[in-house]
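Student: Taken in sequence, the protein lines are chains X and U. Quick note on numbering that gives the first Met the number 0: the first sequence kicks off at 0 and runs consecutively. Quick note on numbering that gives the first Met the number 0: the second sequence kicks off at 0 and runs consecutively.
Just so you know, the hints here were simulated from the structure itself, not pulled from any lab data. Since the structure is predicted, the reported quantities are computational estimates derived from the model, not experimental observations. Backbone N, C-alpha and C define an ideal beta-carbon position, used for all residues, glycine too. Take the hints with a grain of salt, since some may be wrong.
Label pairs and their in silico Cβ distance ranges [to be verified]:
#	chain 1	residue 1	chain 2	residue 2	range
1	X	271	U	65	35 to 43 angstroms
2	U	59	X	44	26 to 34 angstroms
3	U	48	X	115	46 to 54 angstroms
4	U	20	X	313	44 to 52 angstroms
5	X	112	U	59	23 to 31 angstroms
6	X	44	U	66	56 to 64 angstroms
7	X	305	U	20	38 to 46 angstroms
8	X	102	U	48	50 to 58 angstroms
9	X	130	U	10	20 to 28 angstroms
10	X	193	U	51	16 to 24 angstroms
11	X	44	U	70	44 to 52 angstroms
12	X	237	U	70	57 to 65 angstroms
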Amino acid sequence: MPDHRTTQIYSVSRLTRKIKTLLEDRFPFVWISGEISNCAAPASGHFYFSLKDDQAVISGVMFKNQKRNLKFTLENGLKIMGLARLSLYEPRGNYQLIFEHMEPEGAGSLQKAFEQLKKKLGDEGLFDAAHKQPIPFFPCKISVITSGTGAAVRDIINIAERRFPNCRLEIVPVSVQGDTAQEEIVCAIELVNERRQADVIILARGGGSIEDLAAFNSEKVARSIFASHIPIITGIGHETDFTIADFAADVRAPTPSAAAELAVPEKKQLVRQITDMQVSLSAAMIQKLTYFHQKLDDLHSRLKSPVQIMANFKQTLASHCLRMQHAMHHCMAIKENRVTKAAATLAALNPASVLTRGYSVTRTLPDKKIIFDAKMVAYQDQIETILSQGRILTRVEKTIHGKDHI
Amino acid sequence: MAKITFEKALKQLEEIVREMESGDLPLEQALKKYETGIEKVKYCMEILDSTEKKITRLTRDIDGSVSEAPF
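Chain X on its own, in the form it takes in the complex (with noise of 0.2 angstroms):
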């Protein structure tokens, strides 16, 4: 036994220190697996517990900020992966793991087989939208294949009931957890197929963990959806639940009943729709006779009857004799008026009236010319002048030339 007095003597905390020191240095992150015993999780909200396999136990804490993103529930016997750091807390000397993340062991190992499949077959196409095929509008029968007995199958048929009262179900029981549920799922999808009869394919089943899942994200599962001639609608789990099965469906609807809402129309949307558009075809033919009739009246009032055509001539007729007599009494008004003046005139013009006033008007004989110059007579010739009442016949005893006349 070494002398203690030769030898360098630690106090308590220094060597704790030191202790500390080594740990943490040597041990900055560790990644540890183990079986969660002795939890305790008090009002501070941190979550303590001992972390142990078959020959030893350390203890472990989560602080209340980590222990926040955990999508899981913390629970004695639960397996356990984490990232910790290995820590000593001096007042007790003793040592902790602190986690910084933890996932329940096994699920990490689930969840890269998963990506890898999914990688896989996407690789290969088949989750391309090509192969996508188009959902029915109208199927005549839904097969459904899912649980026989779960709620699943029971939202379905309620759905379904529900939107098309008249539908055509077929229901093909298969196991949808368990060593044989892929199997039996694979074979009720070559036996719908097999038959022709189903226009779509509602493959469901309620929610589960990732391992209840396991036959929907198995590869056979998904190779037989994609080689399935009928669509198929695939309605897995909760909303939040993506399945490798629901990648390769043709259409994946979030949860059972979203699956029979999408595959069975809803009947009174579809009569309402019908019934309208009668109702639009009705209106539409009573607009168009209507408007042939109002065409018919109005071609129908400006169609004249030939009576009526004569009736017009007569008129018109009536109308141009009228005015040619109206036409006809003007002129000769106008004429008469001319005459009467004229006669006034002549009257006035009358050689008697002349005669009257003393004036006389000689002319020759036997050629009974009226007489203006006195070169027009000799001596000797026999001259006649009429005279207002009477006439004397003379001779010519002299002439005078000239313009002295008085």
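Chain X is fixed; fit chain U onto it per the hints.
Tutor: Frame of chain X, contents of chain U only:
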């Protein structure tokens, strides 16, 4: 009328309504379209109502025989 799908009949009906509402169809054609339209309405309604309500259970036994029974 040859048997066509419900969806097709519905589409044709829509088309007829559209033509009747928009077009300057001659009367004879309008009447013919109207008649066809009413036929389509009847046809669609018949399909909607003619489906027999049935929920069956389809199983295949180990020996490969397929059986269908009410669910």
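Student: Please name the hints from earlier in the document that this structure breaks, with their numbers sorted from lowest to highest.
Tutor: 2 and 12
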